[in-house]
Amino acid sequence: GAVVSQHPSRVICKSGTSVKIECRSLDFQATTMFWYRQFPKQSLMLMATSNEGSKATYEQGVEKDKFLINHASLTLSTLTVTSAHPEDSSFYICSPRGQEANYGYTFGSGTRLTVV
Amino acid sequence: GESVGLHLPTLSVQEGDNSIINCAYSNSASDYFIWYKQESGKGPQFIIDIRSNMDKRQGQRVTVLLNKTVKHLSLQIAATQPGDSAVYFCAENTGGFKTIFGAGTRLFVKA
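Quick note, the sequences are listed as chains S and P, same order.
Counting in the working numbering, the first sequence runs from 1 upward without gaps.
Counting in the working numbering, the second sequence runs from 1 upward without gaps.
These aren't lab readings, by the way, just hints derived from the structure by calculation.
Note that the structure is a prediction, hence the values are computed from the model and not measured.
Be aware that a few hints might be false.
[Claimed, not checked] Here are the computed distance ranges between Cβ atoms for each label pair: (1) S/Gln-42 - P/Phe-97: 17 to 27 Å; (2) S/Ser-15 - P/Ala-79: 42 to 52 Å; (3) P/Phe-46 - S/Pro-8: 19 to 29 Å; (4) P/Asp-31 - S/Val-116: 18 to 28 Å; (5) S/Ser-15 - P/Lys-68: 16 to 26 Å; (6) S/Pro-8 - P/Lys-68: 37 to 47 Å.
[Unchecked claim] Straight-line distance between alpha carbons at most 30 Å, and here's what the computed BS3-like set of lysine-lysine pairs gives: (7) S/Lys-64 - P/Lys-110; (8) S/Lys-66 - P/Lys-98; (9) S/Lys-20 - S/Lys-66.
Ideal placement from N, C-alpha and C gives every residue a C-beta, glycine not left out.
Using the sequences and the hints given, assemble the complete structure.
Dropping the structure here:
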């Protein structure tokens, strides 16, 4: 159980463009979605938390207008990096959580974003 | 904000030896702790977890110890194998909400 699909695995985009990352929970309903960012040789830092059908809650220092999160369904959430800049280059990882999934939280396989 | 820290950023062990990875956490209200393994370019993979009402939990070749008095976690890997080489993160969770990660320890297994 708790199968997560995250796409794309890698993306290269030009500075100023937007990139959308998808995260799907394949065998459970994700009532909550956590989005993390990981810079090289660093830990995962929580960016935002979203509940299905509600606006996301962003961690301190994360720009909500830059990192748009949509969680319109219980199986899909998207993170859009708008007007991307080289400093946004990072590894983005989703972690969906369902009401039944109380243990061993699952993560997506991550998206390596490179902004050139 | 709150963070979970690690004592050792890198650990090198001989194949077949036991590995011990340590972690200190800061939030005394955390009630659930998880160890993750992350290989290069991949998302974190669940290894083992422990709730705050326990002080030890064993899995296959892995054991997690929790010392709430000093807010310390450790992950013990028995008979370490080359496939265990990765970065290991401890993570804490409070009340089933968001999970906060520690800094990570890179484990090198020498053949």
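Let me make sure I understand: some of the numbered hints might not hold for this structure. Which ones are they, in numerical order? The structure breaks hints 4, 5, 7; every other hint is satisfied.
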